[in-house]
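Chains A and B, in that order, are what the protein sequence lines are. Each residue of the first sequence is one higher than the last, beginning at 134 in our numbering. Each residue of the second sequence is one higher than the last, beginning at 134 in our numbering.
Calculated from the structure, these hints are not laboratory results. Glycine included, C-beta positions come from ideal geometry on N, C-alpha and C. Watch out, some of these pointers could steer you wrong.
What the hints assert, rightly or not - Now the stretches of chain B that chain A is said to cover, found in silico as 3 or more residues with beta-carbon under 8 Å:
#1 170-179
#2 195-207
#3 223-236
#4 315-324
#5 452-466
#6 520-530
Stated by the list, open to error - One side of the interface only, derived from the structure: several residues of chain B facing chain A at Cβ under 7 Å:
#7 164
#8 240
#9 270
#10 271
#11 346
#12 353
#13 385
#14 387
#15 439
#16 440
#17 472
#18 473
#19 475
#20 479
Protein chains: 2
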Amino acid sequence: MDNQQDLNGHSGSSSRAMPPRGFPVSEFENRLSRAQRLMNEQGLAALLLTTEPEIRYFSGFLTQFWQSPTRPWFMVVPFWGKPIAVIPEIGAATMAATWIDAIRTWPSPVPDDDGVSLLAWTLLEVAGRTGRVGLPMGPETHLRMPLADFEALRAKIGGIEFVDATPIIQALRLVKSEAEIAKIAAICAIASDAFEALPHLIAPGDTEESVFRTFKIELLRRGADDVPYLVGGAGPGGYGDIISPPSRRPLQAGDVLMLDTGSVFDGYFCDFDRNFGIDTVDDATRRAYETLYRATEVGLQAARPGATCADVFASMWRELSNDDEAGTTTGRLGHGIGMQLTEWPSHTAFDQTVLQPGMVITLEPGLNVGAGRMMVHEENIVIRDGEAELLTRRAPTELPLVGD
Amino acid sequence: MDNQQDLNGHSGSSSRAMPPRGFPVSEFENRLSRAQRLMNEQGLAALLLTTEPEIRYFSGFLTQFWQSPTRPWFMVVPFWGKPIAVIPEIGAATMAATWIDAIRTWPSPVPDDDGVSLLAWTLLEVAGRTGRVGLPMGPETHLRMPLADFEALRAKIGGIEFVDATPIIQALRLVKSEAEIAKIAAICAIASDAFEALPHLIAPGDTEESVFRTFKIELLRRGADDVPYLVGGAGPGGYGDIISPPSRRPLQAGDVLMLDTGSVFDGYFCDFDRNFGIDTVDDATRRAYETLYRATEVGLQAARPGATCADVFASMWRELSNDDEAGTTTGRLGHGIGMQLTEWPSHTAFDQTVLQPGMVITLEPGLNVGAGRMMVHEENIVIRDGEAELLTRRAPTELPLVGD
Chain A
134 MDNQQDLNGH SGSSSRAMPP RGFPVSEFEN RLSRAQRLMN EQGLAALLLT
184 TEPEIRYFSG FLTQFWQSPT RPWFMVVPFW GKPIAVIPEI GAATMAATWI
234 DAIRTWPSPV PDDDGVSLLA WTLLEVAGRT GRVGLPMGPE THLRMPLADF
284 EALRAKIGGI EFVDATPIIQ ALRLVKSEAE IAKIAAICAI ASDAFEALPH
334 LIAPGDTEES VFRTFKIELL RRGADDVPYL VGGAGPGGYG DIISPPSRRP
384 LQAGDVLMLD TGSVFDGYFC DFDRNFGIDT VDDATRRAYE TLYRATEVGL
434 QAARPGATCA DVFASMWREL SNDDEAGTTT GRLGHGIGMQ LTEWPSHTAF
484 DQTVLQPGMV ITLEPGLNVG AGRMMVHEEN IVIRDGEAEL LTRRAPTELP
534 LVGD
Chain B
134 MDNQQDLNGH SGSSSRAMPP RGFPVSEFEN RLSRAQRLMN EQGLAALLLT
184 TEPEIRYFSG FLTQFWQSPT RPWFMVVPFW GKPIAVIPEI GAATMAATWI
234 DAIRTWPSPV PDDDGVSLLA WTLLEVAGRT GRVGLPMGPE THLRMPLADF
284 EALRAKIGGI EFVDATPIIQ ALRLVKSEAE IAKIAAICAI ASDAFEALPH
334 LIAPGDTEES VFRTFKIELL RRGADDVPYL VGGAGPGGYG DIISPPSRRP
384 LQAGDVLMLD TGSVFDGYFC DFDRNFGIDT VDDATRRAYE TLYRATEVGL
434 QAARPGATCA DVFASMWREL SNDDEAGTTT GRLGHGIGMQ LTEWPSHTAF
484 DQTVLQPGMV ITLEPGLNVG AGRMMVHEEN IVIRDGEAEL LTRRAPTELP
534 LVGD
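So that you can see chain A by itself, here it is in the shape it has in the complex (with noise of 0.2 Å):
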C-alpha cells in the first residue's frame, strides 16, 4: 500500500480505512460504571488521578502538554456521578471538548498553591471528612504531582485516607473495549507496512541514524501521528544494546539491523520490532531468526484465555533453550500494550496474570547471539476466545535483507 505523494514530498493521510478518532460517550460510560462498581467493592468515595493515561481513560482528554512538567493535572472519580477536572486553566477548552462537565480550574503556574487548594476542596467535598480515596501507589505507577504539595494536600484533607488503587486502574485497563483494539490495530497496520516498505528505503552503508529518520518519516507518512519511541541497534549478526538512539557508524554486509517501534494512533500504542539482514548473513545469523520466530509461534499458541503470563513465557523460554543455542530476556519476554508503550501485565516466570479476551499484549522473545550480543523479535496480539488475533502482521518467516 503506498501513500500519495506530491512534490513537496508530503502525503496525504493513508488509504487505508482508519477507525473513527475519539470515543462514544458510551465508552466513556462504560469505563466509569465499571470503576465505580470496583470502588463500590472496596468502600472508595473516590478516585484520585494524575497520570495522563488514566486521566485520558476517564475522560478522553488527549493532548501533548504533559511535556511540560510545569503544571499538575488532576482528576477525581467520584464514587456516583461523573468524573470532575481540577486542571490548569491552559486546558479548559480542551477538556470542554471531551464529556466532562465539572471543570475545575485554576490559573497555573502558582508554585505557592498550584491546585493544591482547590483539589483539597474537591476530595472533602467527595469524600467526606474521612472517606477513603483510591490513589494508584503499586508497580508501574507514579504520584505526577509534586511530593511537597501532597504532603500539603494530606494535611489539608485531614481525615481522608488513601489507599491504594492499582488493582483497580489495572482491572479497568487490562482487557480493552472493541474501539480501543482497532485503534492498536491501526497503527500495528501502518508500523507493518513501513516495515515491509523499510527494505526498499534503506541501503548497506546508511548509517543507523539515517535509517532511523527514514523510517520515522515512513511511518508519519503512512498515517502514524507520531513516533515517540523508536530504538534498535545494528552489528555483525546481532546488536547489543537495544534502547540507545541511533549511532552514526554505517550499515555493514554480515549486520543485523533491528528496529523496535512505538508508534501512536490516536493515543494507542503499537510496540514490536522487525530485523534486516544486511546484504547477507551467515548461517547461524538465519538459524537464530528462526528460532525466534518459532518461539513466538509457540507464544502465540500458548496465549488463550485462562493461560496466565508465566505459561506463555514458559512456553516460549523451551523454545528458546535448545542444545545449541541460550535465550535471553529483556526481564521479560512481552507485556501489555495500549495507552502505554507498555502496561501491565509481564511475561515472566512469576507473574500469575490470567489471560482474557480483549487483553492486547506483546510476544517479545530474545536469543542470546554470543559476544554480549542477541536478537529479539516482537508482535502484538489480542487474546480472543480460543486463538489470540495477530494485530501485527507477522513477521516474514526468513530474515529480509536489505541491498541482496
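With chain A's structure known, arrange chain B on it following the hints.
Here is chain B on its own, set in the frame of chain A:
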C-alpha cells in the same frame, strides 16, 4: 536551505553544520562539582534522582525507553565521588557507554522489590544511617517511582532524612553551558528553517491534521531527532485552543494558523511558534500580529542580566494592554527551556528569578482577539551580558500568508 532528497523521499542529514552529539566528560565533571558544592553547603550526603532529565543531566544517559512506565530508574549522587546508577539490567549497556562507572542493576520488572533493596543499600552506604539525602520535592518535580515503593524505601533506610533538593536542581539547570546552548541553537535553527518552508508545503483547504503531519516530516528531514511536541490551531482571526491535537477542519481564507513545536536535537528542546494567515486576513488580525511582534521586541530588550522574570513579564504586559487590545496569558508569558520543553522559571507577575547570562528562555506574549480566540507569539533566547541573543530566527515583521 533545502535538504537533499532522494527518489524515495527520504533525506540525508541537514546541510547545516550541527554541533557534536554528547558532551565531553568535563561537562559532567563541572555539573557534578557544582552540585557537590551546593550539597556541601546544605549538609547533604547525597542526592536521590528518579526522573529522566535529572539522571541524564548527571550521566548523559539518553534513551526513549522512559516511554515505558514499567521500570523505575535511580541515580544517587554522593557528596564525594561520581554518581552511582541503580538501574534495571536492560539499561546497563547504554549506561556503560556514559562516563558513569558505578552501575548497579537488578532484573526489573520484579514488582515485589523493583530496585528498592538495591537502592536502600546504596543510600545507606553513601549517607550512613542518619544522613540527609536531597530529593526533588518542589514545583515542577515529581517522584518517578511507585509511592508504595517509596514508603518501603523509607522503612529500609531508617534514620536517613529526605530534604527538598529542588533549589539545588533549579540552580544547576537554570544556567546552560555553551555546549548546551549550541544544541538548543541547533534545534531552533532547524525549526526556523522548517517554519520558513511551511507556506510552500501547505495550501488553503488542507486539514490541520495534514498540516501537522507535513510539518513534522519537514522537521525530521531538516535534522530534528524528534518532534515530541507539536500543537496549534487555526480559526478565523485567531484560535481558541492551543494544546489540542489537530482537527480535520480544512484551512479557510481569513484563518490564522498557529503551530507551536518542541522539537529535539540530542536531547535538547526548542519551544516556539509561528503564525500564518490563510489567503488573506483582516486589518484587526494584522494589527494583533504587529502588537505581538512589538511585545516580543520589548521583552527582548528587557531580558538582561539583573532583570527579573517579573520585569520581563511587566514590560511585555504593558505593550499588550493598550486602548484597543487586551493581553492574555497561558498563566505566564514565557519560561525556561533546555532538556525539557518547559523549565523553571516563568515570566509571571510574581516570579522574582533574576536573569543571568547563560539562561535560555522563551518570550511568549498573547493577545485576546475576541470571541474566545487568541493569538500567541514565541521566540527562544539566551541571556547574555548586555542584550539577549535570539536562538530562533526572528518571526517576520508582518504575518506571512499561505496561498497568497
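Do the hints match the structure? See the list:
1. 170-179: Three-residue rule not met by the segment 170-179 of chain B, so violated; n is 0.
2. 195-207: Coverage by chain A holds here, the residue count being 9 at a Cβ distance below 8 Å.
3. 223-236: holds (count 5)
4. 315-324: violated (count 0)
5. 452-466: holds (count 3)
6. 520-530: With 0 residues in contact (Cβ-Cβ under 8 Å with chain A), the coverage given for the segment 520-530 of chain B is violated.
7. 164: With Cβ-Cβ at 19 Å, over 7 Å, it is violated.
8. 240: Because about 5 Å separates residue 240/B from the closest Cβ in chain A, which is inside the 7 Å limit, the hint holds.
9. 270: holds, 4 Å
10. 271: holds, 6 Å
11. 346: holds, 6 Å
12. 353: holds, 5 Å
13. 385: Status violated, d = 18 Å.
14. 387: violated, 21 Å
15. 439: Because about 22 Å separates residue 439/B from the closest Cβ in chain A, which is outside the 7 Å limit, the hint is violated.
16. 440: violated, 20 Å
17. 472: violated, 10 Å
18. 473: Holds, about 6 Å.
19. 475: holds, 4 Å
20. 479: holds, 5 Å
When the structure is compared with the earlier hints, violations turn up for hints 1, 4, 6, 7, 13, 14, 15, 16 and 17 and for no others.
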